[in-house]
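Protein chains in written order, with the working numbering: chain A, 7 to 325; chain B, 7 to 325.
If you are wondering where the hints come from, they were derived from the structure by calculation, not from laboratory data. Hints should not be assumed to be uniformly reliable.
For chains that are exact copies, the list does not tell them apart, and a pair is met inside one copy or across any two.
List of simulated lysine to any residue pairs, SDA-like, C-alpha gap at most 25 Å [claimed, not checked]:
hint, residue 1, residue 2
1, K302, T14
2, K61, R118
3, K92, N209
4, K61, E38
Protein chains: 2
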Amino acid sequence: MAVYTEVTDEALAAFLASYDIGAMVAFRGIAEGVENSNYALKTTQGDFILTLYEKRVDPADLPWFLGLMEHLAAQGLPCPLPVRAKDGQNLNPLAGRIAAITTFLPGVWPRRVAIEHCEPLGAALARLHLAGSGFPPTRKNALGPDSWHNLLQKSLNDASSVQPGLGPELAAMLNGITNAWPQGLPTGHIHADLFQDNVFFLNGEISGVIDFYFACTDIYAYDIAICLNAWCFERDFSFNITKSRALLRGYTAHRPLSDAEAAALPVLCQGAAMRFLLTRLYDWLNTPPGALVTRKDPLDYYRRLRFHNTAMDASAYGL
Amino acid sequence: MAVYTEVTDEALAAFLASYDIGAMVAFRGIAEGVENSNYALKTTQGDFILTLYEKRVDPADLPWFLGLMEHLAAQGLPCPLPVRAKDGQNLNPLAGRIAAITTFLPGVWPRRVAIEHCEPLGAALARLHLAGSGFPPTRKNALGPDSWHNLLQKSLNDASSVQPGLGPELAAMLNGITNAWPQGLPTGHIHADLFQDNVFFLNGEISGVIDFYFACTDIYAYDIAICLNAWCFERDFSFNITKSRALLRGYTAHRPLSDAEAAALPVLCQGAAMRFLLTRLYDWLNTPPGALVTRKDPLDYYRRLRFHNTAMDASAYGL
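So that you can see chain A by itself, here it is in the shape it has in the complex:
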């Protein structure tokens, strides 16, 4: 669920008074989202989303995230547009947190990925990459390859409780990935977390791309690799090359891949699987019983990783 911070009506009223978006009509916590508290806010002027940033988000990063969203929305990408208060600020204190109001986006995220979702997804990702290129500030990927050895170290002792021998096996795989990590590929701003629940569809088209709080400046093709992991595996963890082909077709129609980017897809996919495996493993081992967050099985990504280990080149992904 995604309401960690409760907002009193008095605090909300005072907060809204600093914006020019009308009077409060309704205010309901949203179940989706994991990192922050999200509320659906209806005012006399329409629908908005109110987000309170929780402790996992570094406040110093917030102006970059909101700046990127503002830039992408101005470029026509259907992403939430941060609403500025009367004084021009788009980040303001509320209930002991920093909060932002963004525009409401229509649509629904696909609970089951169909092949039909994948081409529009790839196209939206390419458009996001292209549109982001005009936004000069950068943000280092805090969960990039540099961080993975450290992340694994924190879970190494307890990893065997998840699967016998998992720690040493991941350490060996991780060495292989970081040694083969590509250098010199095109970089720019990437979403870095474009999972199903961050993409809304309406009438077969993408109506919203949300949750930019892992966005950073990194290899474009790594963002594709994250999407291949998130969108192209079936429930039994078999890889669906038809979905992958559609995703890549959608992407390359807007931003063709260089030979070097295509050749790097297998290791980028391994890295993307490793990244989610490691954060899930850490959360799995460190989420207290009774916590509000559903723990996600890290082995889901172990299974994906094993597929990527068998990929010899980009043809494994239908390219």
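Chain A is already provided as a structure; the job is to place chain B on it using the hints.
Same frame as chain A, but now just chain B:
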């Protein structure tokens, strides 16, 4: 949180096709609510709430709940109006559950109860009682005094893990309550769960009364006792007689209490505290670690119960 059942877009589209409420625009899980899965549904015709009934609700009770809501809404009470499908049904299958669409109510539930909330609350409760009197079908209170001994039995062995000696102490208190339980008081349909998060306020007035899934036919004044427990204690569990007086003033302005009802308030309040104590105790002892539901401390109601044990008559509640 309150999304236990995920609905695919295909299933949602098929479901909506059987209603005459326009095309889907957005669909978001709502964080509030404990028993059922709730979604905010926006269509081209407006805002609605979609509820999927989860396993704690007996499907046989649903027509009564929805019938009561329809009746109360027709009487002008601001409660959700069940929307009927084209075939006239207001309960329809969706994603392996029974589901209903109801109208969206504006407002926000008060995170912190102020004295100003209590008089309108009392008035709304009385209006609910009066409006319900024209709805002939009845529903037994499945969590009424008859059920309490049984509920306590299920927790008796483990209750001492919550507080030493709790089991025997509750057993003694419960005997006292059920022996003194009043007979012959006016009965009718009661909400039976009118906690803060089930009451929306907008501009100082009540704009919504929701969640009728504990509603039943029982002593009217017992519903008042539930509200006194839910709305009139401070965070330190001290009783706020000013709030209580306001609540009772709001209620009696619409439905005066008989002498017998007033005299029964202390034992009814003890019973109401016992009812929530017992269900919370059971949930506390039986909620698996990692469950999505936040366990609520049963001792919150033990502390309330101890206050009610000191109440000699209705004057303790400001009457």
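Hints, one by one, checked against the model:
1. In this homomeric assembly, K302 and T14 come within 25 Å of each other (Cα to Cα) only across copies, at 20 Å, whereas the closest approach inside a single copy is 31 Å.
2. Proximity of K61 and R118 under a CA criterion of 25 Å is satisfied inter-copy only: 24 Å between copies versus 31 Å inside one chain copy.
3. Proximity of K92 and N209 under a CA criterion of 25 Å is satisfied inter-copy only: 23 Å between copies versus 35 Å inside one chain copy.
4. When the C-alpha separation of K61 and E38 is checked against a cutoff of 25 Å, the pair qualifies both within a copy, at 17 Å, and between copies, at 22 Å.
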